Amino acid sequence: MAKLLAGSHIPILIKLVQMTDGPVLELGIGYNSTPLLHWLCGASRHLVSLEGDEKWVKKFQEYNVDRHIVKHIEDWDKADIDNTHWSVVLIDHRPALRRKVDAERLKDKADYILIHDSEPEINKFYRYTDIYPLFKYRHDYTAVKPNSVVLSNFKDLSNL
Amino acid sequence: MKYRTGWSSHLPVLAKVLRVTKGSVLELGMGIFSTPFLHWMCLADGRRELFSYESNERYFKEQRLFSRGFHKIELVKDWDKIDIDKPWCVAFIDHEAERRKIEIRRLSWHARYLVVHDTQPQAEQEYGYNEIYPLFKYRRDYKFSRANTSVLSNFKDLSELDA
Chain R
-8 MAKLLAGSHI PILIKLVQMT DGPVLELGIG YNSTPLLHWL CGASRHLVSL EGDEKWVKKF
52 QEYNVDRHIV KHIEDWDKAD IDNTHWSVVL IDHRPALRRK VDAERLKDKA DYILIHDSEP
112 EINKFYRYTD IYPLFKYRHD YTAVKPNSVV LSNFKDLSNL
Chain H
126 MKYRTGWSSH LPVLAKVLRV TKGSVLELGM GIFSTPFLHW MCLADGRREL FSYESNERYF
186 KEQRLFSRGF HKIELVKDWD KIDIDKPWCV AFIDHEAERR KIEIRRLSWH ARYLVVHDTQ
246 PQAEQEYGYN EIYPLFKYRR DYKFSRANTS VLSNFKDLSE LDA
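Residue numbers (the working numbering), protein chains in the order written: chain R, -8 to 151; chain H, 126 to 288.
One chain only, chain H, in its complex shape (with noise of 0.2 Å):
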């Protein structure tokens, strides 16, 4: 399998967003280069909570020896039942592209953050994110990449992320 770039845009908005937190991550949606990524960066941060949803087998089986104590990772068989209503430092959501503004509107005033991958308007057929927008007071588009990423908050003015 050859690894497009745009699978990985995600992290340096991430990396971004990890520095200037402390709190506890979401991740709806693993892979091979978000899972690993937030796994170390959680743990070298002082084993920072981690919690990290998937629904597709094959995906789960690929990452869940990552599961530790600080990292909790489950597998999805009804996205409306999982626990995530409840406070969350940083959310990333990079999960089925049905589900993505259902579960944006869910953590809309739970997360202080919320990372979203692939942003770019050519895909606003496939994601809906335009809908959820007006829902936040504050967003950051990032588009070096053509899988664009957005950071949303309803907490955080995101200027600090510009440093």
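Next comes chain R alone, as it looks inside the complex (with noise of 0.2 Å):
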């Protein structure tokens, strides 16, 4: 069930998407982001999709383009993603507790920082709460479950 009703996180992502026109990074990659994204940051946006299970990026070779880079990474660690200012940066990758760990080596690299699965009943798992305080704006987007929050140390988030 949980997986049927994955993709709460669209109406934020697109909303981000759609008011940025810089360099976009996914880190975990899935049916409910991957196209979507491809398909928002169109021929002149660039966007870097990454996943650490090699066969989702199988499924989805087909979005590999030269404006679309899909890639499997196999140490979260070497993953080239701290050279680049990003626009937007989607955080929905495994194992739970790499995506704080992914959030706050981006604090400063990029102007808005979506994380899903954010609800706090839940933050056992992700402990995104240690993150928290390391940015200066954020918005907890519950208009949907489950939620996301969006975290940024450049952006004012109010508009949101």
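To be clear, the hints were calculated from the coordinates, so they are not data collected in a lab.
Since the model is a prediction, treat every value here as computed from it, not as a measurement.
Note that the Cβ used here is the ideal one computed from N, Cα and C, for glycine as well.
Hints may be right or wrong, so weigh each one.
What the hints assert, rightly or not - Part of the chain H face toward chain R, derived, beta carbon under 8 Å:
{"#": "1", "residue": "Lys127"}
{"#": "2", "residue": "Tyr128"}
{"#": "3", "residue": "Ser133"}
{"#": "4", "residue": "Ile157"}
{"#": "5", "residue": "Pro161"}
{"#": "6", "residue": "Met166"}
Stated by the list, open to error - Part of the chain H face toward chain R, derived, beta carbon under 7 Å:
{"#": "7", "residue": "Pro137"}
{"#": "8", "residue": "Ala140"}
{"#": "9", "residue": "Phe158"}
{"#": "10", "residue": "Ala169"}
{"#": "11", "residue": "Phe176"}
To be verified - Sample of chain R residues with no beta-carbon within 12 Å of chain H, all distances over it, derived:
{"#": "12", "residue": "Lys6"}
{"#": "13", "residue": "Asp44"}
{"#": "14", "residue": "Lys49"}
{"#": "15", "residue": "Glu53"}
{"#": "16", "residue": "Ile60"}
{"#": "17", "residue": "Asn74"}
{"#": "18", "residue": "His76"}
{"#": "19", "residue": "Glu95"}
{"#": "20", "residue": "Asp102"}
{"#": "21", "residue": "Pro111"}
{"#": "22", "residue": "Lys115"}
{"#": "23", "residue": "Pro124"}
{"#": "24", "residue": "Lys127"}
Using the hints, build the complex out of the two chains.
Shown next as structure tokens:
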């Protein structure tokens, strides 16, 4: 059931992509976000989708084109994500506790960091609350559940 | 299974149309890309009424857990008998090839916006869309993918989609 009801971050993800025009990073690929980002970013925006499960990378291989890199990552520590300032980063990868590590890593490298599965009752799995103090701005997207959270050190999120 | 890019090329067009509209949404032909997308977009936009119809039992079973108060999902035995001949704000057409032009005709004066998938000329033999284009005053074709998507309307001149 959880798999079928995935995708609750779609509305806020669209909003963030449409209000920005720079590069987009997706950590953790999936059928609810990768195709959407592929088409929303169009021909002009750089999009990088990274995934730890090679099986999923193969499923989405056709999306791997010049402007959209779809790549398998064996070691998240070695992922080349620190040398770009991203407009939007979507954090939705595994393992669960890796998400806060990469959010912290990107805290000064992204205008908007969108993290999925942020409702308080599952914080014990993800421990996002550890990294919230590292950001100036935070917006809890609770219109739909599972919740998402947007974090930024660059953009006031009151317009979301 | 490998996912083809053309299977999801309707998403940005649906996003565009949903952004400029407010009312009920009809989905003919469910799928792993369109059904979750429409579900969450309609839920986030004040629980817009959403009806999804599918004749393939496997696709229906895969997506039926999205059924909610605002989102009605129905397995179709006979497309002629589905209750769609009433006003819709947006209708998404992506169901059985031979049925598409029939439902488009049925909806031509009921739906303000029809979003039609697979409208590339190379697929004309399969879908026969050329027969129904003359029924509409306004049309926009989106060709950024090999699988094109078109928006048809008899009510809106579609210029708001250009913004």
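*When the hints from earlier in the document are held up against this structure, which numbers fail?*
Of the numbered hints, 11, 12, 14, 15 do not hold.
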